[in-house]
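**Student:** Produce the complete structure using the sequences and hints provided.
These protein sequence lines map, in sequence, to chains A, B, C, D and E.
Heads up, the first sequence is in the numbering used here, so the first residue is 1 and it goes up one at a time.
Heads up, the second sequence is in the numbering used here, so the first residue is 1 and it goes up one at a time.
Heads up, the third sequence is in the numbering used here, so the first residue is 1 and it goes up one at a time.
Heads up, the fourth sequence is in the numbering used here, so the first residue is 1 and it goes up one at a time.
Heads up, the fifth sequence is in the numbering used here, so the first residue is 1 and it goes up one at a time.
Please note: incorrect hints may appear among the correct ones.
Unchecked claim - What the simulated footprint calls covered on chain B by chain C, stretch by stretch (three residues with Cβ under 8 Å from a Cβ of chain C suffice, anywhere in the stretch; the number is not a length):
#, segment
1, 81–94
2, 119–133
3, 144–156
No lab work stands behind these hints: they were computed from the structure.
What you are looking at is a predicted structure, and each value in this text was computed from that prediction instead of being measured.
A virtual CB, placed ideally from N, CA and C, is assigned to each residue, including glycine.
Read off the chains here:
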Amino acid sequence: MSIENLLPLLLGLAWLVPLASFVAILFFGPRMGAHGKGAATVATAAIMTSLGLSLAALVVWLGSHPVTVAAHGDEHAAVEAAAPDASSSTVRFVARLTEPAAADHEADSHGGPHGDAHHDGHSTEGHGDGHAAAKPVAYVGDWYTLYTGGSLQLSIGWYIDAITVLMFVVVTFIATCIHIYAAGYMHDELHPVTDGEVQLASGATFTREGRFHRFFQALSLFCFSMLGIVIAGNLAMVFVFWELVGICSWFLIGFYFERHSASTAANKAFIVNRVGDFGMLIGLMALWGGLGTLHFGDSVDPTTGAARPGLFELVRPEQEHHAQQVPAGLVAFSAADEVARLANAGGNPDELRHQVSAAVPGWRQQGYGRWLLFVAGVGIFCGCVGKSAQVPLFVWLPDAMEGPTPVSALVHSATMVAAGVYLVGRFFPVLTPDVLLVIAYVGGMTLFIAATIAVTANDIKRVLAYSTVSQLGYMMLALGVGGWVAGLFHLVTHAFFKSLLFLCSGSVIHACHTNDMRKMGGLMRVMPYTGWTMLVGCLAIIGAGVPFVIGFSGYYSKDAILAQALLFSRLNPQHTILYVAVAGGAFITAFYMFRLWFMTFAGTPRDQHVFDHAHESPRVMTTPLVVLAVLAVIAGWTLPGGFGVSGLLEQSRPAGTAASLTTTDLLGTITIPAEHDSHAGAIHVQATLTAFATALAGVLLAAAMYLKPIVSPSGVAAAVRPVYTFLVNRWYVDELYDTIFVQPALRIARVVSGFDRQVIDRLINGLALAAKRIASLDAWFDRTVVDGLVNAAGQITWSVGLELKQLQTGRLRQYVMFIVVGTVAIFVLATLLFRTSLAG
Amino acid sequence: MAEFLIETIGLPGWLAWTTVAGVSAFLILNLIAGGALVFIWAERKIAARIQDRLGPTRTGGRFGWLQSLADGIKLLAKEDLMPDGADGLLFRIAPYVSFCASFCAFIALPFAFDVVGLRLNVGVFFVVAVLGLEVFGVILAGYASASKWSLFGAMREAAQVVSYEVPLGMCVVVPVMLAGSMDLVTIGEKQAGWFTNWFIFHDPFTFVIFWVYYTCAVASVNRAPFDLAEAESELVAGFHTEYSGLRWSFFFMAEYGSMFLVSVLAAVLFLGGWNGPVPVASLLGWSDGTAVTAPYAVRLVGCANLMGKATLGVLVMMWIRWTLPRLRIDQVMTTCLKYCTPIAALMFAGVMLWQLFLPGGLLPGSRSQAAAVREAWLEGEADGAPVPEASVGFVPAAGRQVVGVSR
Amino acid sequence: MTECLFSAMLAQLPLAAVDWHGLFFLLFAAIACGAAVMVVLTDNVVRMALHLVLSLGATAGLFFLAGSEFVGAMQLMIYVGGTLVLLVFGVMLTAQTQLVALKTPAGDKVLAGILGAALFAVLVQSAVSIEAWRRPGLAEVAAPTATPLGMALVGVRVDAGDSESDRRPPSGYLLPFEIVSVHLLVVLVGAAYLARAKRRRTPRTVELVASVESSQPSRVDAGASESASSVLVETGR
Amino acid sequence: MSQLLDDDQRIIEFDVRTDEMLVNMGPQHPSTHGVLRLVLRTDGEIVSEMEPHIGYLHRCAEKIGENLTARQWIPYTDRMDYLAAMNMNLGWSLAVEKLLRYEVSEKARHLRVLISELNRIASHLVGMGAYGLDLGTFSPFLYAFREREKILDLFEEACGARLTYSYITVGGLTADLPPGWLERCEAFLDQFEPIIREYHTLLTTNAIFVKRTAGIGVLSPEMAIDYGCTGPVLRGSGVDIDLRRDGESIYTAMYDGYAFEVAVMKDGHYPRDREYPAVPTDAVLGDCWHRFFVRMLEVMQSMDLIRQSIDRYSQCKGPLGEPLKLAEKLPAGDAYLETECPKGQMGFYLVSEGAAIPWRVRARSSSFSNLAVAPELCRGCLIADVPAVVGSLDIVMGEIDR
Amino acid sequence: MMLIATGTVSVAHYLVVGAIMFTAGIVCMAVKRNALGVLMGIELVLNGANLNFVAFGSSYLAGEGRPPLGLDGEVMALFVILLAAAEAAVALAITLNFYNNHATVDVDRADDLRG
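**Tutor:** And the structure:
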């Protein structure tokens with residue numbers, strides 16, 4: 001089987017297996033072993049199967065598209081890796097559907113001859129920039145078309161490139177670890193649970209049935225949804241699974257839904273996400289209205305069988321060497337007035353079409369459609385803001401810690417928040433420099449705000465939550481400044497070390513039965529595995545490493561971001577603030593992460609009671625920790641052969657983004673630097689050194705405050721009391737929202753309800769009274785006149801019925817004869833009436 | 001053959017065709033009658049050997065090889081009794097209905113790749129359908145005999161045969177699905193080559209389903225351990241209790257004819273038909289048209305192959321009959337409805353999935369695929385005169401990715 | 001030489017002009033119609049069933065002649081092999097002597113005959129009134145329809161033209177097919193349920209059952225005593 | 001209304017109603033073991049009532065016995081259970097000897113054990129083979145008859161007859177064994193023993209056989225005792241009675257010094273059940289399978305007894321002893337003795353007024369009582385179960401009708 | 001006989017045969033008192049109709065051009081056969097139920113619900 005068939009099969013199965021597990025647990029969950037214990041086995045087996053299939057897909061991918069040259073380190077090599085036409089091993093394969101001759105039945109295979117057949121068909125023609133013309137390898141196709149109406153085609157399809165495969169592996173791997181971990185963590189749910197945090201009105205303790213299987217059911221659905229986003233071949237499918245992820249998060253965050261805090265947090269996450277999704281819907285509509293397709297890649301028209309270009313092709317057409325331009329559809333859409341003018345001028349539709357297409361380049365020059373593309377990009381990004389918890393919609397994420405810790409780990413590392421970043425990465429070709437700038441600023445703000453809040457938080461999970469928000473800001477910023485590989489690279493490495501950190505914190509909470517770091521300390525002695533692995537996680541997240549030699553995974557990804565941001569700020573001096581945010585964020589990150597670690601594991605126990613009860617977690621929980629720790633170390637490495645995550649990512653770099661681009665647009669002149677330029681020696685060295693210095697400074701500060709109390713934390717807090725209060729209260733964002741949105745809404749509601757009660761209700765009561773009066777009048781009329789009539793009618797009907805029932809003899813054979821008589825009569829009548837022929 | 005008569009001897013068309021029809025009918029009729037004689041003799045000898053006896057030894061010199069013929073003559077000479085109170089017309093007509101059904105089914109059976117009475121496009125279906133008519137004669141006989149034992153036998157037969165047609169049909173559909181045609185000749189041709197091409201060895205599911213088919217076939221021709229309709233220890237002789245002489249022998253011939261029929265069907269559908277385990281003919285370079293005499297030799301060998309396989313099937317039925325006790329009627333129905341039918345259904349699904357997943361991969365969306373099939377079909381039709389065996393596999397055949405048209 | 005002469009003589013025979021298709025059509029049509037009429041004329045239910053089999057079997061032959069092999073085989077398998085066996089089964093289950101041949105009043109027969117004749121006249125008139133229908137067929141041997149039929153059932157129409165409107169319904173007969181399948185299933189379940197009747201035991205048999213129930217409680221039909229007079233007749237039928 | 005219907009306890013559900021039929025199974029029917037007529041009232045395939053009609057083989061044997069001397073009546077006992085004529089002879093002879101208070105020689109005693117147990121094997125072989133026939137398998141029948149023929153050969157050598165032996169007689173046996181007979185008998189036993197395993201393969205453990213017999217015609221011990229069932233039918237229901245061990249002393253004295261274990265299931269186990277096939281899970285104690293299996297066990301048991309008796313008989317020196325005179329005068333009085341025959345307990349009763357000819361002769365037939373329970377067993381079963389049940393009772397019409 | 005001589009069967013021939021069967025079926029339904037006889041009449045009616053479908057769908061019988069119904073005719077015939085099987089099963093069940101309750105299959109006695 002060739003790769004273009006094999007990959008969809010493998011990944012499709014990997015995607016569907018969790019669904020099967022979900023369905024199985026849904027229907028048979030309570031019957032799976034005692035108290036549904038088998039559900040964990042089923043779900044874990046499913047996700048492990050997915051992992052296996054994803055790994056197989058990775059192997060298949062690498063078999064056809066080996067990562068031969070390092071993306072890091074050697075910039076020339078990186079350039080070559082990014083330019084497929086220079087490296088013959090990279091096959092440039094675009095689904096053959098683009099060929100007009102796709103009507104014949106061969107086209108159904110969604111394959112046909114291997115991509116080698118028309119290898120280099122465009123790039124060897126010698127146009128200016130070979131890099132910009134490079135188009136990444138992607139396999140696209142549809143499994144099933146749900147609906148076709150007009151130009152809209154909603155289908156279940158796939159868009160598989162290197163990052164898809166990579167994300168599959170990452171998601172399924174982390175999900176596997178978390179499944180295994182959760183099987184141990186959730187064992188309380190196997191028995192009836194007494195939830196002390198729920199206050200019953202009677203004052204009694206609340207006891208409920210265990211929901212073990214339900215947890216794994218939701219987890220399976222979550223994995224299915226996330227994988228659905230990753231494999232999705234069009235925006236509509238993305239949106240569907242986007243919402244599925246949302247609902248799953250609602251299930252999981254609200255897992256302890258009896259707790260007021262949990263249900264509120266779940267609702268909050270859900271509602272905040274809806275705000276973002278509204279923006280996404282706008283973006284979706286803009287794209288569909290203008291372009292008539294939501295497919296990423298090229299697809300086949302369901303009715304004519306002709307090829308139709310996908311979004312990427314429309315925005316970065318191949319004949320324009322993948323340079324970004326506003327698609328004709330959007331131009332014509334926004335130039336509706338002009339089109340109307342042409343239409344009024346007369347001419348048949350064909351001519352009109354011709355005229356319009358001739359006029360489009362001119363309109364494009366006039367700037368038509370630019371705003372629309374901007375709106376579409378920002379709209380899509382709005383969805384990502386919600387899902388990836390960016391400013392201003394980041395408030396849900398810390399509250400989402402109400403869910404069980406494995407959920408936090410999953411939500412924060414591999415699935416939900418990753419979805420936003422992934423979508424921005426996926427959608428990158430369509431985003432204009434303006435949008436990218438917006439993204440970069442939003443990311444920068446997020447990174448800084450979240451990091452500062454994390455400094456003052458005392459809840460171990462909250463610290464991690466804000467750190468997640470902050471790291472997501474990093475990724476967004478990286479993408480915004482053109483660091484496509486850097487951002488997604490950080491997404492992958494972050495997935496590993498953040499899930500590790502969360503699982504570690506879960507282990508700590510499991511041991512201490514509290515989230516409060518102020519009660520911990522010195523746990524290293526009793527929880528060596530957790531402690532060491534968490535240390536690894538902390539080192540990874542701050543990007544520790546020996547500069548220019550080797551480092552934890554975060555070292556590589558963070559360096560890349562830093563370098564890109566630095567380059568960006570060099571080229572766009574007016575946006576230097578972004579680089580400052582990144583560098584400052586790195587410092588704060590190092591500080592609060594080590595604050596966390598020191599408070600938890602180092603020093604002496606602060607609460608002897610907690611310490612005495614602490615114990616190392618069971619093997620089923622520590623094993624994933626160790627595995628993840630190893631990956632947190634090595635995920636960023638590039639092997640001597642050139643193999644590495646970043647190299648793999650480089651393969652699917654969007655077409656036309658390999659070169660720097662300077663545009664003057666809505667938000668002024670922006671230069672989006674080419675990513676490989678950031679590997680240039682000067683930039684690279686400066687970035688690395690900055691990263692190292694900031695991280696070291698942060699760690700030292702943390703050590704000074706919490707390991708060896710040279711500087712008293714409380715002293716510092718007292719010194720900058722207003723700032724400290726501001727941070728402790730999380731920049732008053734929740735309060736701000738409360739004031740701006742919630743309270744006004746409540747006030748309006750109160751007014752409206754008052755109006756309802758005072759005016760409308762009275763009006764209705766009065767009406768009812770009047771109606772009652774009229775009714776009594778009417779009743780009299782009814783009883784005498786109407787009833788009399790009805791009774792008379794009934795009497796007549798009754799007596800007629802008595803006569804007519806003689807006809808119903810109950811004799812089957814008579815009825816048959818009646819039918820025959822009727823049939824013949826109809827024939828005869830028809831003949832008589834219409835006089836045509838006896839046949840009618 | 002008709003062409004030969006027309007062109008070489010110069011007979012007018014209608015006479016040539018009539019001659020061919022006559023010859024075919026004669027051959028098939030004699031095949032059944034002769035086969036019945038041979039099989040009855042074989043059954044006696046086999047039963048005897050199984051039971052430490054010798055069986056017939058004298059008639060015809062040695063081995064009693066003329067015993068069945070002698071019995072036949074005896075039956076011819078016997079008085080045809082009809083019970084008082086029997087429904088005369090139905091009583092007389094019943095054996096012929098049974099026999100005709102069995103006989104008619106032979107029309108569509110291929111004995112080698114072109115030795116077939118009537119090559120029907122829906123051959124498999126026709127054979128199974130006509131075979132199902134045999135039960136009608138049995139029911140009539142049971143009813144018309146005015147005997148309670150006969151009635152019991154007939155009722156049992158009706159219930160049993162109607163039930164077993166379900167799993168039997170399901171089993172039969174599997175080779176149809178694999179070959180992409182209901183034409184028995186096409187099905188046979190698809191299994192040409194080494195014995196690994198036989199459908200029984202196609203995949204594990206077909207291997208299982210062959211045995212389900214065989215079980216159901218044994219049941220649908222009323223052989224032990226499913227011979228409820230004539231269970232001699234319970235119903236005296238079941239539906240033919242009141243029959244004697246020639247009429248009884250017609251039932252007998254119908255029974256042996258059906259036995260042979262289902263065995264031939266098993267051979268064609270699962271065991272490679274006329275193709276030997278080793279493709280000797282093609283190894284020797286005897287494929288059609290290379291040598292003048294080769295086709296005839298190939299046909300002869302094919303016939304011998306098929307007969308051998310079918311005979312083996314019949315012999316196994318005899319072996320079973322003389323070894324096992326009889327099931328009870330409810331157990332027979334249980335076997336059919338609770339075991340054979342679900343297993344057949346599962347295996348059917350299994351074969352289908354095997355076909356779907358192993359050679360091709362997940363099938364892409366169906367809409368354009370349907371269009372492609374249509375195009376291909378129309379294209380093929382435009383090529384020339386319609387070909388009888390043209391067929392479309394609804395499931396991709398091995399090695400093909402998409403639904404294709406096979407010819 | 002003699003052969004040629006012989007064949008020349010044969011060619012002179014009127015038989016040479018025989019159209020076999022027409023002959024077989026006549027044969028099958030005669031059997032079908034004759035047997036159908038016999039169904040009406042016979043009083044005995046079992047014989048009616050026999051005639052019906054003949055009629056339906058001949059109809060299958062007509063289907064074959066019309067080039068619809070698949071439908072013909074289907075007719076044989078389902079109609080003759082399945083439905084009619086079921087019918088005969090029903091006949092046997094209800095085969096009491098007095099029920100086998102119920103007499104119909106002569107008046108009914110006459111009335112039905114008249115009505116039937118009227119209906120027949122109407123039908124035949126409409127059958128022959130359209131000129132196009134009377135035009136003899138081209139009698140070209142058409143391609144077998146089994147495969148197109150199968151394709152039609154899964155949504156591929158090879159017989160229709162290319163235009164979009166000719167391809168309606170776009171999904172072929174898949175949906176009707178599924179509906180029919182579900183319908184069949186429901187019908188069979190319903191029929192099985194319907195045939196399992198509930199009966200009231202009479203007090204007398206309660207005692208009888210009580211004495212029996214100790215050994216075989218479920219199999220005994222004690223309700224039979226109601227019609228004991230009719231069923232305990234020694235003749236059985 | 002529906003509520004009413006639901007509450008009415010008198011409403012039952014049943015399948016499609018068909019007409020009830022009265023069906024005669026026999027007297028000319030392949031599987032009624034002779035001239036037995038079973039009148040079945042059937043509802044479809046279900047037998048709602050079954051009634052055996054007997055008397056087609058009545059020969060006034062008892063009345064004839066009142067006109068013959070005791071020894072003269074011996075040939076008539078042959079024709080009662082003609083499949084186990086030796087045991088019939090023995091029963092009558094012992095009854096007369098009980099009246100006469102006569103004791104046979106030691107050698108005759110062992111020879112009687114040898115001969116009667118050999119005939120028990122022959123009888124059970126027929127029962128087993130015919131049972132297979134009842135269930136529709138033909139071959140075991142011939143396998144059984146093949147072995148039975150060898151036993152008949154031995155009998156023929158000893159007494160000249162193959163079916164109606166009149167060998168055991170009042171006061172001993174008509175003749176001593178011919179030379180070399182014992183060796184041939186032992187040779188037979190040696191070659192017969194492995195063949196029993198074949199029977200187990202063909203029938204006892206055959207899945208279809210088990211399906212047809214296990215759980216069918218379950219006869220509870222209470223019912224068996226109530227109906228007076230005896231022999232393997234009784235032991236198949238788990239009642240531990242065997243007259244060879246529990247009978248009257250004149251009969252048990254014959255088996256003095258013989259070691260044997262009654263073939264009956266005790267505590268869920270048959271004696272020495274490791275040597276035999278396991279009891280299938282579907283089988284219920286008292287069903288057809290158990291009755292059949294008890295017979296198979298008794299074949300083994302008889303072989304053991306024969307081996308023991310051959311030892312003892314060959315150790316006995318001296319003459320066999322002459323039987324009593326043909327017209328020996330009987331003392332006044334009466335005697336009744338039951339012996340354990342293959343089919344069950346066969347009892348003979350005679351009253352004498354002092355003449356050589358008994359005044360009254362009566363026989364108590366085991367098959368008669370065993371058949372009497374058949375209607376109970378067949379009620380509600382299927383038609384196909386009727387031969388299975390009746391066959392498992394292993395009746396002989398000659399004994400019932402006498 | 002004319003057919004034999006001229007040798008071409010037309011749609012109308014089939015229609016006439018169908019009409020005969022149809023009429024026979026109707027008359028059968030009208031005159032049979034046995035419920036199973038009525039059932040047989042229904043089968044005849046369905047078959048007569050089926051013949052029409054097949055005749056209109058047959059390309060063999062059609063003159064120039066496509067047959068009026070084309071494949072649809074055969075598909076319809078198939079569905080009719082299938083539904084006839086279902087109908088027979090239900091009708092038989094009803095008949096047996098009727099027989100259980102009334103000990104007869106005489107449709108003239110099935111008039112419990114008469115007016």
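**Student:** Do at least three Cβ atoms from the segment 81–94 of chain B come closer than 8 Å to Cβ atoms of chain C?
**Tutor:** holds (count 4)
**Student:** Counting residues of the segment 144–156 of chain B with a beta carbon closer than 8 Å to any beta carbon of chain C, are there 3 or more?
**Tutor:** holds (count 6)
**Student:** Count the residues of the segment 119–133 of chain B whose Cβ falls closer than 8 Å to any Cβ of chain C, and tell me whether that reaches three.
**Tutor:** It holds: at least three residues are needed, and the segment 119–133 of chain B offers 10 whose Cβ sits within less than 8 Å of chain C.
Figure legend: structure checked against the earlier numbered hints; every hint is met.
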